[in-house]
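Novice: Kindly produce the complete structure, drawing on both the sequences and the hints.
These protein sequence lines map, in sequence, to chains A and B.
Quick note, the first sequence lines up with residues -1 to 255 if you use the working numbering.
Quick note, the second sequence lines up with residues -1 to 255 if you use the working numbering.
What the hints contain is simulated information worked out from the structure, not anything from laboratory work.
You can take every hint at face value.
As the list makes no split between identical chains, a pair holds if one copy fits it or if it spans any two.
Straight-line Cα separation of at most 27 Å, DSS-like style, residue types lysine-lysine; simulated pairs:
#: 1; residue 1: Lys139; residue 2: Lys57
#: 2; residue 1: Lys205; residue 2: Lys170
#: 3; residue 1: Lys205; residue 2: Lys171
#: 4; residue 1: Lys33; residue 2: Lys23
Number of protein chains: 2
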Amino acid sequence: MAEINELDLNAQKIIRQAGQNAHDKMNDSYQIDTKTNYTDLVTTIDRENEQLINEQIRKIDPDSRILSEEGLGDRQITDLHGHIWIVDPIDGTMNFVKQHNNFAVMLALYIDGVPMLGYILDVINNRLYHGQRGKGVYVDKQRLHAPADLGLKESLLAMNRTLTLGGTPALKKIAQEAMGLRMYGSAGMEMIGVITGQLGGYISNLKPWDLAAGRMLAEELGLVVKSIDGSSINVLSSNLVLVATSQVSRDIRQIIN
Amino acid sequence: MAEINELDLNAQKIIRQAGQNAHDKMNDSYQIDTKTNYTDLVTTIDRENEQLINEQIRKIDPDSRILSEEGLGDRQITDLHGHIWIVDPIDGTMNFVKQHNNFAVMLALYIDGVPMLGYILDVINNRLYHGQRGKGVYVDKQRLHAPADLGLKESLLAMNRTLTLGGTPALKKIAQEAMGLRMYGSAGMEMIGVITGQLGGYISNLKPWDLAAGRMLAEELGLVVKSIDGSSINVLSSNLVLVATSQVSRDIRQIIN
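Specialist: Laid out in structure tokens, this is it:
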């Protein structure tokens, strides 16, 4: 496992550097483009961060493949063989642009489909949530405990706008029954909420780079990560995912069934 | 105006002290009670903070009346004559309890019904947003500029759970048309979002203590504060309120009409 430890230390340096780059440039004038529609943004800083991360990953782990949000990674990854790094250069780009707050950089390493390393950097608070499979989860140098196993009515739940406004009646009932509903606009910040116990659950449609790091950290803490319909997670495609305590997961299952 | 300046300086000390008290005790074991239902919490720290604030206000402004959330203020305030202090000892009590984050202490002075002084303390970040009518709005010692006058499709909007899940079709359309939707669970934190330009608007059902300070600060910055149906704000009762840029307010008016 020496190699994994070395990759871990290097990955921590890489993500900190990308966070610093985003922080340094968030007040500059940079180009903002839209992708699928006016709510789907990408900036030159996303692309710069992705290039910075990908280049360094290729140096520290040359035989790996990279799946990254803005398209600078490897094309056509269709199997999970070997080392796959999954990169979100800025998660919550809209918050980055509009708030200069509440955004993250995320990175994960999956080996033969198994989540091995995960990193979520809360850039503004300069806190790195990181973990290695079987070795626990840390914020910076402090180990995180597993969150208390509270149920839905004792927990805050995060759910995205699309599901809250337009989801199934069952999803709306789940949002209604939680003690409170929250919406932060960044999968990374919402994952941090669940792994620290500030949220009891998070439901969202997530792309591979939105989910990879948070899934690794959440599973390491004994939290439930699954498709909302109960099917297994597909690492390479979008999933409607629940990340939650066991009890919240059971309470939600009862509402859905 | 010497008196107002002195009240202002004293009020800043009082709110900082209440914030410190909440911060010091948030990890202690304190009693949590529910009010109207399981989502409506009050703790002994709310009550302690209210007592601390009210006692000191009575010292610095003995002829004033106090309207405060947890019932330690003056009973039956039915007119706006003279000095009325409006107190929210912990805004976002659920966040205080569940997150140890994203909560505020709020205080305002209305004189003959006119908002004169306003304070929102973001406790965890130790940032005091404060202002005096005609003298500008500050975060700590730094003056805030008026936010850019962006429209709904260029802005993040905050709206509470009740309105998002169960509001009118027009409210849901507003939530859908915004560039993004956010839900923080604290009127104070959401007001801070609007006055700093991180949010373009905020729509919620607000009690007097939820609204008083944020209204003062928002109006001082030239933002729109009004009932969503266009009627004038009643300082002493609940209002369905919009706090927003002028352009967001016009865009919302178009959807509602």
